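Asker: Residue numbers (our numbering), protein chains in the order written: chain A, 117 to 502; chain B, 117 to 502.
For the record, the hints were derived by calculation from the structure and aren't laboratory data. Some hints could be false.
The list makes no distinction among identical chains, and a pair is therefore deemed to hold if it is satisfied within one copy or across any two copies.
Derived pair list, reagent style DMTMM-like, types lysine to aspartate or glutamate, alpha-carbon separation capped at 20 Å [what the hints assert, rightly or not]:
1) Lys-195 with Glu-273
2) Lys-292 with Glu-243
3) Lys-444 with Asp-125
4) Lys-220 with Glu-134
5) Lys-185 with Glu-120
6) Lys-292 with Glu-468
7) Lys-118 with Glu-242
8) Lys-185 with Asp-418
9) Lys-287 with Asp-233
10) Lys-321 with Glu-284
11) Lys-444 with Glu-343
12) Lys-164 with Asp-298
13) Lys-361 with Glu-480
14) Lys-195 with Glu-416
15) Lys-464 with Glu-189
16) Lys-444 with Glu-189
17) Lys-420 with Asp-404
18) Lys-292 with Glu-474
19) Lys-444 with Glu-242
20) Lys-222 with Glu-273
Since this is a predicted model, take the numbers as computed values, not measurements.
The chain contents come next:
Protein chains: 2
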Amino acid sequence: MKYEVIATDGKAKRAHMETAHGVIETPVFMNVGTVAAIKGAVSTDDLKEIGTQVELSNTYHLHVRTGDKLIREFGGLHKFMNWDRPILTDSGGFQVFSLSGLRKIKEEGVTFHSHIDGHKIFMGPEESMQIQSNLGSTIAMAFDECAPNPSTREYIENSVDRTTRWLERCKTEMKKLNSLPDTVNKEQLLFGINQGGTFDDIRMKHADTISKMDLDGYAVGGLAVGESHEEMYRILDCTVPHLPKDKPTYLMGVGTPANILEGVARGIDFFDCVYPSRNGRHGHVYTDEGKRNLFNKRYELDSKPIEVGCGCPACRSYSRAYIRHLLKAGEMLGMRLCVLHNLYFYNKMMGEIRIAIEKGCYMEYKENKLALMQTASNEGKQEVLT
Amino acid sequence: MKYEVIATDGKAKRAHMETAHGVIETPVFMNVGTVAAIKGAVSTDDLKEIGTQVELSNTYHLHVRTGDKLIREFGGLHKFMNWDRPILTDSGGFQVFSLSGLRKIKEEGVTFHSHIDGHKIFMGPEESMQIQSNLGSTIAMAFDECAPNPSTREYIENSVDRTTRWLERCKTEMKKLNSLPDTVNKEQLLFGINQGGTFDDIRMKHADTISKMDLDGYAVGGLAVGESHEEMYRILDCTVPHLPKDKPTYLMGVGTPANILEGVARGIDFFDCVYPSRNGRHGHVYTDEGKRNLFNKRYELDSKPIEVGCGCPACRSYSRAYIRHLLKAGEMLGMRLCVLHNLYFYNKMMGEIRIAIEKGCYMEYKENKLALMQTASNEGKQEVLT
């Protein structure tokens, strides 16, 4: 792995990362394909057409559904999905803590029940690394606890200490797995995850601790779980400076276009979020003029594309009126077209961000982009951007 | 409209039909897009990629859902769907008789209740022509009664007589509508529909009667509604010779690959059926070796495409194992890939049929194709072809 910052603008970084599955140009938005498929009938062939660099799959979902062992036998996730570009897999931790009802956290790991059939599963750092190694993703995430928000200081301190011990075990296990002869991807990378709830001092101390572990990259986790945007930005302001500048940084599960613009300004390289695909499936589409709800009657006879000038497969061929009709009739095609547009919108924005950093005008670009979206909202032309 | 038979082989016809929206090469299988969308997230751009010549939309569904008036205001169905090739619309009759519960048939037309919200609707020949004129389809179908099967001889006689009177009204109305200055498609064609249940003599007499009306084409309706395949073939054997050879013939709502092969042998030009899209959404896919059920565990690790050598968007990129995973996980993408494959399979078979007729080896082609599919089924390799 080679990570090279090729330009900076304030705290914003523009980097070039070489992986076993090709180069990633950052800042980048990863497109979320939960069970090895983008929801909304979007295929990996489609992802290539809409400019996706990195696909993100969920370890927990693939483990409880089709099974990572089967995918390993098939030759790994890349072969399974027919995707030759980078894939990041999460650790499963977030789903273990958010989807399963009853669960028991011990030093060894977590015992929980599958949300599909209720059967008991144990997952700890070694299990998470083994599953991700079976999947053969480009980047594996460390197994951590994403603590509930709000939590007491005491809970967070204990949780973060355990997450650190788990990270050490993840690193040891990953090294072992990458050295085995029949491992799918022997160059699998490991990103550690910073936690600390909304306690700035715990966040910074934890960032210092994990920075010394020489990992391939560092994520800020446990955000976008109910805290305000201002709180999230404050935590990034204090935490990111304590993470290595010569390693990629990843803000997990974030977010709206505005969140991403602010995250980049604070030194973040990687983002992922279900918003563009989930909103798309509900007919909510992103544009430079804010978000449109295509169910709105005002689009009934509107022959314009979702966004005038957009080059996505939906905007190249179909009108707002037609897509509205499809959504109202419950036709899957309506969802597919909206999801394609939204992912294209995010991917295109990341390209604009990279160019703005290279040109040294990122703050200006960010303010203009935010103002444009906000003005449209204030004028009541569009819904408020979320 | 210009319809020219360019080759025959036995009763099989290979024709060339010029319409306001381009040429149709027959025999042709029309791809069904009920509410102006192919179910399974398939767009008109996709249809072009899989070799679709004619899209079929349902008058009843578009009338009760988005509304034909709105589509007319938009500029017609072609503009609405972004499809510049031929569209055939059915008359609404079939859905009026099959979907609506309570209905009242009078000489003027039928009063029934919308299956969406129960509101009362009246549809007769003039209403059906007006709706189809609003949609601006290439080919409109006459409003007829598709009588229940089985029905008494007396019921069928009365029904067929009324269908003939309705056909005369359709012809008059269509002529009037096509002459109005603001009609979407002034060259809209009208196909009449032969009825008669399973009574050969009524079928033949009705075919003789409507043949004299000099319509643009003739359909055989009221089949594939529960009668056996043998009965259907017998009715085609006696009815088709009573329809004009120099006009296109259309076997409505039919059918399986075997039904189509037998229909072509009996002089049919046009076919349509929901099987390929409906079966695709259930993971049942067509191949030259019979039909596969991709839910079958035998495909769990199968890295081959649905059909080896197939050039469809699903087979070019994805394995049986991956599509099976998608279907089992309930991911829309699984349905989309199966629907794309099935429609491609049908469209490709129609191309083979056209070439076989041109070469004068249609019967040989048909027998080989049927034997291939049947052998695979008998050997238990695949499910029985339906």
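Asker: Please write out, lowest number first, the hints stated earlier that are contradicted by the structure.
Answerer: Hints 1, 3, 4, 5, 6, 7, 9, 11, 12, 13, 15, 18 and 19 are the ones this structure does not satisfy, whereas the remaining hints hold.
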